[in-house]
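Following the hints, position chain Z against chain F.
In order, the protein sequences belong to chains F and Z.
Just so you know, we're using my numbering here: the first sequence kicks off at 1 and counts up by one.
Just so you know, we're using my numbering here: the second sequence kicks off at 1 and counts up by one.
Bear in mind the hints are in silico, worked out from the structure with no lab data behind them.
The structure presented is a predicted model; accordingly, all values stated were derived computationally and were not measured.
It cannot be assumed that every hint is accurate.
Label pairs and their calculated CB-CB ranges [to be verified]:
| no. | chain 1 | residue 1 | chain 2 | residue 2 | range |
| --- | --- | --- | --- | --- | --- |
| 1 | F | Ile188 | Z | Gly146 | 16 to 24 Å |
| 2 | F | Trp306 | Z | Ile436 | 47 to 55 Å |
| 3 | F | Ile188 | Z | Val205 | 54 to 62 Å |
| 4 | Z | Lys188 | F | Ile114 | 41 to 49 Å |
Calculated pairs, DSSO-like style, for lysine-lysine (alpha carbon to alpha carbon, straight line, at most 30 Å) [said to hold, decoys possible]:
| no. | chain 1 | residue 1 | chain 2 | residue 2 |
| --- | --- | --- | --- | --- |
| 5 | Z | Lys588 | F | Lys40 |
| 6 | F | Lys196 | Z | Lys404 |
| 7 | Z | Lys67 | Z | Lys169 |
| 8 | Z | Lys560 | F | Lys135 |
| 9 | F | Lys112 | Z | Lys588 |
| 10 | Z | Lys450 | F | Lys156 |
Here are a few chain F residues that sit away from chain Z, every Cβ distance over 12 Å (derived from the structure) [unchecked claim]:
| no. | residue |
| --- | --- |
| 11 | Ile39 |
| 12 | Phe162 |
| 13 | Gln165 |
| 14 | Gly244 |
Note that the Cβ used here is the ideal one computed from N, Cα and C, for glycine as well.
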Amino acid sequence: MTGLKLVEGYMPIQMLGEMGLQALLFIFIFYLLDKKMGIKVNKLLQATLLFVYSILYFRYRIYPPIPFSVRAIYATMTLIGIFMWVSSTEEAWQDFRRPIIAVADATTGAAKMIRTVVIILLPFLVGFMGYNSMKPNVDEPIELRTVHPAPPASTKVHGKTFVLQTAQSPFRVDNDGKYSDKVQNTYIDGNPWDEKAPPYLQYVREGGQIFFQNCHWCHGDNLNGRGMFAFAFNPIPANFTDPGTIAQLQETFVFWRVAKGGLNLPREGFPWASVMPPWEQHLTTDEIWKVILFEYWHTGYYPRTWD
Amino acid sequence: MNALFSRLTKKTLIVATIAISFGVAGGLAILSTTGDVTAAGPAMSPGFIKGPNPAKADPAMVDAGKKIYFRKCVWCHGVDGAGDGPGADRLWPRPRNFNAGTFKIRHTASGELPLFDPTKPVSGQNDLFDTVTHGLPGSAMPSWDGILTEQQRLQVLSFVTTQLVKDRKFDDKTETFTILDINNKDLKQVSYGKESIEKGAKLVVEKKCVECHGTDGRGDGNPFNLKDDWGFPIQPADWHKCWNFRGSRRDAYNVKNIFRTFSTGVNGTPMPSFADNTTVEERWHIANFVNSLCERDSSGNPLPIDPLTDKPKINFVVPSGFIEGEIPADPNDKKWQKRERRIIGMGGQITHKPRNFVNRIDDLWVKSLYNKNEIAFLFQWDDRSKSQVAPGVNVVAVTEAPAKTGEEGSIAAKQNNYEVYNDGVAIQFPAKWEEILPPEKPRYLHGEEKRHVDIWKWEADGTLKAYTGSGWDQPLEERSGSTATLKLVKSEFKDGLWTVMMKRALNTEDKDADVQFQTGRYIPTVFFAWDGHNGDTGLKMAVSAFYYSILEPPVPIEAKVYPILMAVGMIIAEGWILRRRASKRKLKS
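Bound-form chain F, shown alone (with noise of 0.2 Å):
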């Protein structure tokens, strides 16, 4: 889609404020068109038009698409709040009934015509959308899967414990070698490829390079999960750069996933279906805290903290 872009993590509120501003722009139009040019909307049209629009809206616009039951449960919450737009004032009721009541009572010959059309069509309608909804169908069976599923207290990784609460990256440290928090922040717009880099920027540029040569088929070059692979995989694998994956985890969370890959996650994760390799197959501890490393450096996030 051209026009304006979502943007990434932040999708729910930004569509609200459209879906708001759409339908204040719709009620303006018909007003306009009222008061300054003397054209009346019939409320009916006026509610319809909102409705088809909306219902338009959530399949094309929301993206990535979400599925008809969710869509389904947000048309009937538009249907009600233009329910109640057009019942709020007793004037507005008796536009929007009108057209209604003059097609049953078939005052006119046009009127009389629709009536016999309706009356015909709708017991078709209402047969076939049984039919529909009754013949067995093959549609993906919907199955939710715990992105964040609950940690372990701790995890063994190459013959060492970790305890996640206490563990720390061994990488995130300041020029002395102690664990900092800010450094990520001081070297946020460093080159970790000076030649002068310090120790923190030379990790990153480690992990980077344990990136470029494991992750990124799936987690993408650009690390928003859209790598070479990832569109053969349901659901496409984590993006880093939305603040709903990485920015909402600590860094020992993260340590443990990595290390123990799909095969070890819990069964809310459904470890049948990742292809999450257990990184401590293919990498060292070292390695596993550095690629971590790069991984919050590159996207700009920072690692949640236990409290």
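For chain Z alone, coordinates are given in the frame of chain F:
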């Protein structure tokens, strides 16, 4: 009809959304579409005009671009832009080496530098900007749209074009920029249609396109002898997968992209420009024909492209259709032709060693039919060559090369030099899936120790065998009894397309190890594929995500009766409403 409707509404909606978005934003800057180009010179190929040399890069933008380059790009393209970053040796195609100023996708004449203007982020007039914005599908280069702002993209390109392109200079007055003026009305686009496609089909033979791209355009004409300017093997494009065209600009079915590539050639590769030996009209015919080969749905509409992945949308269900009588052995039989096919996305197996970093089978097409006794699966996929183990060759497990090998040892250099193994395809179901509560499944890669899987594996030497998988680290165990119940109906390689059909009884004796089929039940399914010329064997292969096979159940009697009752109920309700209105009217009068 349905597809047409949804396309129409989509289009209308896009227009409406854009219009409203613009209104909401209070009006955005209007894009200027007028290029500052001068009249065509006499020596120009038809359709080309002389363009201006680009503006000098702003040093502040170069500086800002350098920062971005060393954050985002250096990992593949390298410190000196020589395409030798840490990621390069495990990629094929390798990342671009910028030094010589050779770029593939351009609007400029063959051999010229691409269009780049640091002040003009206008699509179609700024080739390098478009490449960074849309990425290069089929390679590791992603779309940077949404990751880098327009300004950042222009900055990083200012740095690349001035500092990393070393052999040529964009602002050198001896450089010429002869632009394919694709939007000029005089370049009369021939509309897409039967007549033009037929003309194009003749022209691709006449102009020898098929010598490389293959009789049926699957890139199988000359797959192993072509090299790029740096001596690395390169393959002709597969015209059936337009979403993988490097120059598809996230608009895969747009014929203009093909027209452009065909007119300007692909610098650094054996693909020449055809600007001088074809007329403009001929080029449109060829572009239309190539476009017509790209896979479409049964009504001839373009496949829906998933905006999330820029590949065809995947439905993760493979439905099997019921037929009376024998399952036909000929894939062109009406019963097979009527059947809807489903695309299976394939990625390289990179979970366990040996990992398959360069995956050459990125999709399979699958259909399935069943009758009272049997179920059949029909697989079709593009492969540039038939690969079969030569007699006497011992198939040994492949080992993984270290990540950084230098260009000579890189994966790109090794392509086409592998020991050739068997092509293959396999389908995996959980054994005793009835006893596993959904959504739980045995692991996608050969199951688990306690939960076995049933794998049917076909290889290009003509064998089809049943195996039990009990974990990724366990060898597959052949079950000779089950192998006897599997039947290979057909396997054929023709013009770059494999067709393999296999069938088995719905139910068998060995209920512990053989998958048993039931109608209306979702059976977890995983697909594997091997390209023998990629040295694929064992775990070095292509894998799919979990799909579901389902034998479409017959329509139950309730689904026929209840809708009729509902319709009758509606008629009664209508009568009641009308009577009510009538009596109200009477009351009023």
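Are lysine 67(Z) and lysine 169(Z) close enough, with their CA atoms no more than 30 Å apart?
holds, 21 Å
Satisfaction of hint between lysine 404(Z) and lysine 196(F), Cα-Cα up to 30 Å
Within the cut-off at roughly 23 Å; holds.
Is it true that the C-beta distance of tryptophan 306(F) to isoleucine 436(Z) lies inside 47 to 55 Å, as the hint says?
violated, 36 Å
Can you let me know if the beta-carbon spacing of isoleucine 188(F) and glycine 146(Z) is within 16 to 24 Å?
Holds, at about 20 Å.
With a cut-off of 30 Å on the C-alpha distance, tell me whether lysine 450(Z) and lysine 156(F) pass.
Roughly 23 Å between the alpha carbons, so the hint for lysine 450(Z) and lysine 156(F) holds.
Once the closest CB in chain Z is found, is it more than 12 Å from phenylalanine 162(F)?
holds, 22 Å
Does the claim that glutamine 165(F) lies outside the interface with chain Z hold up, using a Cβ gap greater than 12 Å?
holds, 29 Å
Taking the minimum C-beta separation from isoleucine 39(F) to chain Z, is that value above 12 Å?
holds, 19 Å
Verify the proposed pairing of lysine 560(Z) with lysine 135(F), using a straight-line Cα cut of 30 Å.
Holds: lysine 560(Z) and lysine 135(F) sit about 8 Å apart, inside 30 Å.
Reported absence of glycine 244(F) from the contact zone with chain Z (all CB gaps over 12 Å)
holds, 15 Å
CB-CB spacing for isoleucine 114(F) and lysine 188(Z) relative to the 41 to 49 Å hint:
holds, 47 Å
Holds or violated: lysine 112(F) to lysine 588(Z), with C-alpha atoms at most 30 Å apart
Status holds; Cα separation ~20 Å.
Going down the numbered hints, you'll see the structure goes against just number 2.
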